[in-house]
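Chains A and B supply the protein sequences, listed in that same order. FYI, in the working numbering the residues of the first sequence are 1 to 342. FYI, in the working numbering the residues of the second sequence are 343 to 730.
A portion of the hints provided could be inaccurate.
[Claimed, not checked] Below, computed lysine to aspartate or glutamate pairings styled on EDC-like, alpha-carbon distance capped at 20 Å:
(1) A/K139 with B/D682
(2) A/K124 with B/E454
(3) B/K528 with B/D559
(4) B/K408 with A/D196
(5) A/K139 with B/D559
(6) A/K124 with B/D559
(7) B/K556 with B/D542
(8) B/K664 with B/E365
(9) B/K408 with B/E365
For the record, the hints were derived by calculation from the structure and aren't laboratory data. Predicted, not measured: the structure shown is a model, and the values here were computed from it.
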Amino acid sequence: MTKRSFLVALALAIGFAVVGFESGRFWAYLVYSVAIASIGALSLNILIGYCGQITFAQGALIGVGAYGAGIAGNAGWGAASLLVGAVCSALVSLLIGLPALRLRGLYFAISTLAAQFILNYLFKILQPLTNGVSGLVVKPLMLFGRPANDEQYAVICVGLLFLSWLVLTRIIQTNVGRAFLVVRESELVARGMGVDVARAKIQAFLLSGFFAGLCGGLIAFTSRLANPEAFEIGLSVDQTAMIIVGGLGSLGGSIIGAGFVTLLPEAIERLGELLPSADLISAFREMAFGILIILFLLLEPRGIVALARRIFARRGAAARTNLPDRASYGSGAISAQNGRKA
Amino acid sequence: MKKLTIAAALACAIAAAAPARAEITVCTWGTITGPDALVNGMTYGTRDYLEYLNQTQGGIAGNKLKVLMLDGRYKLDEELKIYRRCADQEQAVVINGWSTGASKALRDQIQEDGIPFISESFASEVLDPQKYPYTFIAGPTYEQQIIIALRDLAARGGKKVVLMYSDNEYGRGPVNVVRQSGVIEKLGLEVADLVEYRYDAQDVTAQMLRIKGKNPDLVYVQGSTPQLLVALRDAAKVGLPAKLFMGNLYNISPAIPEQLGAAADGFRAVQTYAFYGDDIPAMKEIEDYAKKNEVEKKDIYFIKGWLKGKVIAAAIGNAIKKNGGQVPADLKAFRKSVRDEMEALKDFDDGGITPPFTYADHQGSVQARIAEIKNGKYTPLGAWINAR
């Protein structure tokens, strides 16, 4: 991470926190919804995008975090409940990840699908802990002796997103992160290079689970309800859509994808309200996800981030073409496309 | 020229003296798309009644109504977002929400904001006038609807009942409350079996075979129309007649006789509002509205929506009247006044949609009757029964 990217991220975080705090409850809600979804997408991208472990249990893991934080919060743990939720989810994620030591690819993915359904079923039947299908009503976080409001949640969530991004960016740049990347490319090669594959996978599951749990804890406190229906396979699909649209293997892409997927329905809804056929537009909203994912997979599988990089690279090249003293670059000019000497 | 100047000055003076007319925002959201969309007439009905007032009376007391109809998609996060939009951005005076989950998640927020909120849910958990004075529902709770069905069974000399319900809050919650209340035993009935099914189940043949083995006098299904379609279809497969089954208000849908044909004949459901097309004054209004507008949902749920529109309009109208014919300048005070007037509605005549009711208990009419599908059409059996 360069100093420049750190400062840009910090400025963006402060900007969004100010928007969330100053622009009324509706905008605050949008800001913290995107921030929470982004934390979830970051956690999923670590596992799928960086370590290559395909999982369908993200929704349930977020649910574990929500219930863990909700139960701790109702017991009076305050803000520390977020940490409780994150740790619970990390441990459950580790359990889900254990088969990954034996299974690979689709076989492992199916085992995570089973975990998603089992956990969701547990949310429904562990009545004393989860309040069953009725859902667990969660007390709000207390700030300065008063329940936190939407504006304060926006600041908290953006702050936690910034911290999550910072921590994960640092980790990715260490040997741990590099081990993830090698495991993703080829477990055989990783072993050949002396990477402890099992250890790398366990670390990825713990890390991913922790942040999924943090995401769940924030959902519980902001929505005031941890409900089994909210953590079904649909949430796993939404989260996967975020990292595909944003960019697999890109932390910034996770945040962009989360923003895109979270705000798209609202944008279509508002557009529909301007047109006479509002109902039709509403129905179109349902299809938008599917269409978008297909389009991204076909046209730019690496997501919005890669698309943006391509556009900027083309603009950069075009700008250079228009320079009058282009000749002066001579043979030492660097190609914007591939970074090699031209 | 002098005359003209005097006339213009006079017109300006009159205009300045005339009470300023405000636009009153009412927000209503439902499942426009997504699961449960079959019953979204409840949302259309409210919107259409308020639009009808705009078209025929210029709104309420001369103040135009801005009616926002939004799609909550039966998703908690979407509904929470819409609530904030309605309460904060749109400055709605009254909000008409949808699901039990959202109503529960928002109930403290609603009290803090002081916004009159009518939930489409019939769950008893959202109804507590003391604890949640701003939350209202519009009819008997799910539990009361089950009790009406059980009373009907007892009155007909039946003994054994099977309770069949979906594996979510909508299914399990009310059944548990009724079982724990002891009312089943008090009525001299016996629960022959409890049968749970997945909310999105596409086949319940196994459950039907199990029910057949119990030989019950009644199978009460706590489910929505899509589940009832599956249940009745599979019941017919194993030889269980539709007349053995009874559902709640959300099973009075034309889709059931239309899709199942003769196999649906004899199915009964708890009816809490008049049918679309009944000979009642409210229907005359709907027909009047339909002359210039398209009525998209012609079912009992639309009628429920029309009823809510009437309640909202009456409460807003009374609040304005109490404020000397003016819309209160302070939104918070206006919302509180509308809540108070809603609660104060007494012997409210909703144009025959239900018997006249008082809204002090925040649920309005708790009268219901049993309706049966006869020759592909729901037909009321007997008079209104008080669910209490």
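Evaluated hints:
{"no.": "1", "hint": "A/K139 with B/D682", "in the structure": "violated, 28 Å"}
{"no.": "2", "hint": "A/K124 with B/E454", "in the structure": "violated, 30 Å"}
{"no.": "3", "hint": "B/K528 with B/D559", "in the structure": "holds, 17 Å"}
{"no.": "4", "hint": "B/K408 with A/D196", "in the structure": "violated, 64 Å"}
{"no.": "5", "hint": "A/K139 with B/D559", "in the structure": "violated, 44 Å"}
{"no.": "6", "hint": "A/K124 with B/D559", "in the structure": "violated, 30 Å"}
{"no.": "7", "hint": "B/K556 with B/D542", "in the structure": "violated, 24 Å"}
{"no.": "8", "hint": "B/K664 with B/E365", "in the structure": "holds, 18 Å"}
{"no.": "9", "hint": "B/K408 with B/E365", "in the structure": "holds, 6 Å"}
Of the numbered hints given earlier, the model fails hints 1, 2, 4, 5, 6 and 7; all others are met.
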